[in-house]
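Trainee: Here is what each chain is made of, one letter per residue.
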Amino acid sequence: MDILNWIVSASGEGFFSATMRLAVPLLLAAIGAIYAERAGAINVGLEGMMLSSALSAALVASSTGSTTTGLLAGVVTGVGVAALLAIFTVLLPADPVVVGISLNLLAVGGTSFIFRVAVGQAGTTSTTPVIEASPIPGLDQIPILGPLLFDQSYLVYIALLGVVVTWLVLKYTGWGLLIRSAGEHPAAVDSLGLSVNRTRFLALLVSGGFAGLGGAFLSLVASNQFVENMTAGRGYIAMAILILGQRSPWGVLIASLIFGAGDAFQLRAQLDNTGIPFQFLLMIPYVLTIVTLAVFGRKLIDPAALGKHFRRGHR
Amino acid sequence: MKFRLRHALAVVGIAAVVSLTAACSTAVSTDSATSTGTATSAARTPVKDLKIAIVLSGPTTDHDFNQVGYEAAEAAGKSVGAKVAFAENVSDANAERTIRNFASEGYQLIIAHSFSFGDATLKVAKEFPDTVFMAGTATSNASNVGTYDNPDYQGAYLAGMLAAGTSTDGTVGWVSAIQTPNLLANLHAYEAGAKDINAKATVLHSFIGSFYDPPKAKEAALAQIQKGAQVLSAQTVGTIDGAIAGKAYAIGALTDQNFLGPQTVLTSVTWDVSPLFTDIAKAVQDGSWTNKNYSYGIKEGSIGLADFHGLESKVPADVMKTVLEREAQIKDGSFTVPYDVSTVD
Chain E
1 MDILNWIVSA
11 SGEGFFSATM
21 RLAVPLLLAA
31 IGAIYAERAG
41 AINVGLEGMM
51 LSSALSAALV
61 ASSTGSTTTG
71 LLAGVVTGVG
81 VAALLAIFTV
91 LLPADPVVVG
101 ISLNLLAVGG
111 TSFIFRVAVG
121 QAGTTSTTPV
131 IEASPIPGLD
141 QIPILGPLLF
151 DQSYLVYIAL
161 LGVVVTWLVL
171 KYTGWGLLIR
181 SAGEHPAAVD
191 SLGLSVNRTR
201 FLALLVSGGF
211 AGLGGAFLSL
221 VASNQFVENM
231 TAGRGYIAMA
241 ILILGQRSPW
251 GVLIASLIFG
261 AGDAFQLRAQ
271 LDNTGIPFQF
281 LLMIPYVLTI
291 VTLAVFGRKL
301 IDPAALGKHF
311 RRGHR
Chain F
316 MKFRLRHALA
326 VVGIAAVVSL
336 TAACSTAVST
346 DSATSTGTAT
356 SAARTPVKDL
366 KIAIVLSGPT
376 TDHDFNQVGY
386 EAAEAAGKSV
396 GAKVAFAENV
406 SDANAERTIR
416 NFASEGYQLI
426 IAHSFSFGDA
436 TLKVAKEFPD
446 TVFMAGTATS
456 NASNVGTYDN
466 PDYQGAYLAG
476 MLAAGTSTDG
486 TVGWVSAIQT
496 PNLLANLHAY
506 EAGAKDINAK
516 ATVLHSFIGS
526 FYDPPKAKEA
536 ALAQIQKGAQ
546 VLSAQTVGTI
556 DGAIAGKAYA
566 IGALTDQNFL
576 GPQTVLTSVT
586 WDVSPLFTDI
596 AKAVQDGSWT
606 NKNYSYGIKE
616 GSIGLADFHG
626 LESKVPADVM
636 KTVLEREAQI
646 KDGSFTVPYD
656 VSTVD
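Respectively, the protein sequence lines represent chains E and F. The first sequence: position 278 = 278 (our numbering), numbered continuously. The second sequence: position 268 = 583 (our numbering), numbered continuously.
Watch out, some of these pointers could steer you wrong.
[Stated by the list, open to error] Partial selection, computed: residues in chain F whose CB lies under 7 Å from chain E:
no.	residue
1	Ala514
2	Thr517
3	Gly524
4	Ala535
5	Asp655
6	Val656
7	Asp660
Hints listed in this document are in silico derivations from the structure and should not be mistaken for laboratory results. Virtual Cβ for every residue (Gly too), placed ideally from N, Cα, C.
Working from the sequences, and respecting the hints, build out all of it.
Mentor: Written out as structure tokens, the structure reads:
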């Protein structure tokens, strides 16, 4: 059984742990976006939130020497950018896609500018401390699940916890019901005297916080530095993951793992002299995502009020 | 509902296209064919208050290609007393407009510092016959368009020797962004160097598909280390992070990158293009500039190995000796590093 041998071999374990590392920034951003979109607020600003947080996490971590402080700075930054998005799209009737894209562009220029002001032309945050993997003894020995889930940095455990908590919140709590109602039937929420826009505002802030974690993961775990525009489109991929995962926490987890596995696979396939052009191998995670979406995406239903601005007393 | 699915597919599609654009846009740039062009003999009018502009495809802080170019332009400007302006993060689509802007603002020397700005440069050069243009590479040259290149493949050969000699079983790695002639020449020379020191050396190579994606480069590096690579050539940002995490060694590229991993980066293949830019600026000033291809390599002191920062001890003494001998041979012309830009899988 070659496959079984491979699963427990070093290269198999490497594949599974890389799958999770490549999936986690997407997973974090997409989990947060579940709150926003289920509440009816589109978050196109994920890319900008991640990029801004990657910078603030790196800067704060390298200046304080504490990755925890860096992580918190990343979350605060994500929430801050999300607040900006929420002010324009929830309180004011601006188009969420336009504002989201603007924020992403602002983040590209803004982070480059702040990075240079902070560290200078030839500067670097290479002294950024790194969050190392903290394997969970015992559990990390389980085949597949061990390297996938339990031999990772604590940020990965937070992401997995985020999946479970999001599922519980949306399904079993009053706030979860409020979020879903704001997305499906805002007028009903309003008729109960509850605020649709406050719900959406908070949901966007939660989304920003998660995207901030994802951004911080990029500069504190997935590399040891901030590099201009280092998100490389991950915020947009997260939006695709969100839709592929049908805006459900478990769906998003599976979707991001599919993408991560595709990426981890192609990086390894490049080394095996398969004769397949590397350009094709680079496409694998994207093709995999499109194919999965085409096959399983048929019953996709958006929240009824997604992206519709709500004003009390208006239809 | 059907519309939503299409909408969803579009999002995924756009994401895929965005991430692959980088791979396609630069892959089409061609080999430095200009060196075959004939140089014009007619002397140009000397230029008094020289103003130099450099157009960069990436940020001036990348510790890589763009930073090297930016700093060299600044150095050249300082040494010849010229004003220097720059434009960074210029996409291929914006190159022509940016170059034309500088030309119309009266800059007399415009450096298009990318392997993919050749066509844009040629186009603008036609409209400004009195301006001197220098392109990283171009498909043809014109009376006022010269080219220059980055022969860092010469240094890559030495890096390959060092890497394969330091690796206990000759397995080494090479992580890069995409396939460009420059990077391919670099990879082939790295391989040739590795085989020079150890005929059984294995060179693993990865392309991550974009220039600035450190998390991806780190993962590519880790995949190579798992496959047995003990020393990695870091052709893209993030590779060194992977070498640190996977407890392997790395060899930096273009600038001294030891600060990115003081215990990991053995040395770096450095590229200093300032002598080249300075010579060109002087030539434009005194009117002796000609439209040839300028190539400054190891011999001219533009390519070399950076300081080892105390990691010499990690390289076996006999390997180090052979490497230094080769370097001397390249300098005195008795050894020529093979130049091969054929594509790889």
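Trainee: Which hints from the list above does the structure break, by number from lowest to highest?
Mentor: The structure breaks hints 1, 2, 5 and 6; every other hint is satisfied.
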